[in-house]
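The lines below spell out each chain.
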Amino acid sequence: MEPEGVVDVLRRLLRSLVPAGLVVDLLSVPPPEQVEIAGEVVGELDNDAFFAHALPAAAGLDALADDGLLVPEHEERFPIYVHYPTGADLVGDVTQREDTRMPPSLARRVRRHPGPCRIRDSCLVRRFRALP
Amino acid sequence: MTRALDPEGAHLAAVLREADFRGRRVLEVGCGEGRLTWGFAPLAASVLAFDPSEEAIAQARAECADELRAKVRFEVARAEEIEVPPQSVDLVFFSWSL
Numbered sequence: 001m002e003p004e005g006v007v008d009v010l011r012r013l014l015r016s017l018v019p020a021g022l023v024v025d026l027l028s029v030p031p032p033e034q035v036e037i038a039g040e041v042v043g044e045l046d047n048d049a050f051f052a053h054a055l056p057a058a059a060g061l062d063a064l065a066d067d068g069l070l071v072p073e074h075e076e077r078f079p080i081y082v083h084y085p086t087g088a089d090l091v092g093d094v095t096q097r098e099d100t101r102m103p104p105s106l107a108r109r110v111r112r113h114p115g116p117c118r119i120r121d122s123c124l125v126r127r128f129r130a131l132p
Numbered sequence: 133m134t135r136a137l138d139p140e141g142a143h144l145a146a147v148l149r150e151a152d153f154r155g156r157r158v159l160e161v162g163c164g165e166g167r168l169t170w171g172f173a174p175l176a177a178s179v180l181a182f183d184p185s186e187e188a189i190a191q192a193r194a195e196c197a198d199e200l201r202a203k204v205r206f207e208v209a210r211a212e213e214i215e216v217p218p219q220s221v222d223l224v225f226f227s228w229s230l
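In the order they appear, the protein sequences are chains A and B. The opening position of the first sequence corresponds to residue 1 in this note's numbering, with each subsequent residue numbered one higher. The opening position of the second sequence corresponds to residue 133 in this note's numbering, with each subsequent residue numbered one higher.
Extracted from the complex, chain A is given alone in its bound form (with noise of 0.2 Å):
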């Protein structure tokens, strides 16, 4: 979805808020995610594609801000993980994105990687409220 298009959906479903009704946005935001075996880690994915998207959409709720239709009240950055058996599945799995990438030689490094490892994710929650 376009920016501007972000903008106007974004209107279109406040208006099914209430007068100070609450909005809250999670997603994803950088730096990169990173690979981490034995707590060690080890490279970073390509997350360019994804951010993108992914972050002029969230871009649609700072432009409603300053238009003045919701207010900012707290936010807060906090990791999660994606957690592997094995290397291999690591691999698999990131190889099924649509919009993420792992160098080459991070991938030949993690496959043979034959226990756990998983992958963190730089994560943003957001809260405003909307202006009556």
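Hints in this document: simulated from the structure, not taken from any laboratory. It should be emphasised that the depicted structure is a prediction, and the values quoted were computed from it without experimental measurement. For glycine and all other residues, C-beta sits at the position ideal for the given N, C-alpha and C. Wrong hints could be hidden among the right ones.
[Stated by the list, open to error] Residues of chain B placed beyond 10 Å of chain A at every Cβ, according to the derived structure:
#1 Glu-140
#2 Arg-149
#3 Gly-155
#4 Glu-165
#5 Ser-185
#6 Glu-187
#7 Gln-191
#8 Ala-197
#9 Asp-198
#10 Phe-226
[To be verified] Pulled from the structure, derived: some chain A residues nowhere near chain B, Cβ distances all over 12 Å:
#11 Gln-34
#12 Glu-44
#13 Pro-103
[To be verified] Here's a subset of chain B near chain A, in silico, CB distances under 10 Å, partners left out:
#14 Val-147
#15 Glu-150
#16 Arg-154
#17 Leu-180
#18 Val-208
#19 Ser-227
Add chain B to chain A, keeping to what the hints say.
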């Protein structure tokens, strides 16, 4: 392939820290298979959750607990097309949805 997405529950914990869902009428945009819905729906007064993925919504409907069926409704829809009555919800929850 075995994959465990956020088994620690960090997503849901952060969302519940951000807003009090108790007694609220919630519109969830981009609910997927309901992974987060199950966490706040017991607190909410009602939930309309939608996602463009027919497969995800079918899974959500199939996995909906009996005690939630009276107040949680899943719809296949895109954000651009869903119709929600004006001023009918108290909280709109977006999860990577647009």
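For each hint, the structure was consulted:
1. Glu-140: violated, 7 Å
2. Arg-149: Violated: least Cβ distance 7 Å, not greater than 10 Å.
3. Gly-155: At roughly 12 Å from the nearest Cβ of chain A, Gly-155 (chain B) sits farther out than 10 Å, so the non-interface label holds.
4. Glu-165: For Glu-165 (chain B), whose nearest Cβ neighbour in chain A is about 15 Å away, the distance exceeds 10 Å, so it holds.
5. Ser-185: Ser-185 (chain B) clear of chain A: closest Cβ-Cβ about 13 Å, beyond 10 Å.
6. Glu-187: Label holds. Min Cβ-Cβ 15 Å, cutoff 10 Å.
7. Gln-191: Gln-191 (chain B) clear of chain A: closest Cβ-Cβ about 17 Å, beyond 10 Å.
8. Ala-197: holds, 22 Å
9. Asp-198: The claim stands: Asp-198 (chain B) keeps its Cβ more than 10 Å from every Cβ of chain A (closest is about 27 Å).
10. Phe-226: violated, 5 Å
11. Gln-34: The assertion about Gln-34 (chain A) holds, with a minimum of 15 Å to chain B.
12. Glu-44: At roughly 19 Å from the nearest Cβ of chain B, Glu-44 (chain A) sits farther out than 12 Å, so the non-interface label holds.
13. Pro-103: At about 20 Å from chain B, Pro-103 (chain A) clears the 12 Å cut-off, so the statement holds.
14. Val-147: holds, 6 Å
15. Glu-150: Holds, because the Cβ-Cβ distance from Glu-150 (chain B) to chain A comes to roughly 5 Å (cut-off 10 Å).
16. Arg-154: violated, 12 Å
17. Leu-180: holds, 9 Å
18. Val-208: violated, 16 Å
19. Ser-227: holds, 5 Å
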